[in-house]
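Student: Sequence:
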Amino acid sequence: MLKNIVKLMLFIIAIILVIKGATIIGYAGLGMMFLGIAIILGELYIYNKQYT
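Using this note's numbering, the letters of the sequence shown map in sequence onto residues 52 to 103.
Bear in mind the hints are in silico, worked out from the structure with no lab data behind them.
Not one of these hints is a red herring.
Derived pair list, reagent style PhoX-like, types lysine-lysine, alpha-carbon separation capped at 25 Å:
#: 1; residue 1: Lys58; residue 2: Lys100
#: 2; residue 1: Lys58; residue 2: Lys71
#: 3; residue 1: Lys100; residue 2: Lys54
None of these values were measured; they are calculated from a predicted model.
Turn these sequences into a full structure, and let the hints guide you.
Tutor: This is the structure we're talking about:
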């Protein structure tokens, strides 16, 4: 149960990073978007690892 809450909070933080990064011009915004996408891809990897 706690694991699912942590995953949900990480997903929400990642979405916020991507949206906030899109509003910032320059490398800082790009870095924020890359970090958000990396978190989302990491969560997808962890989720799909159980099916392989």
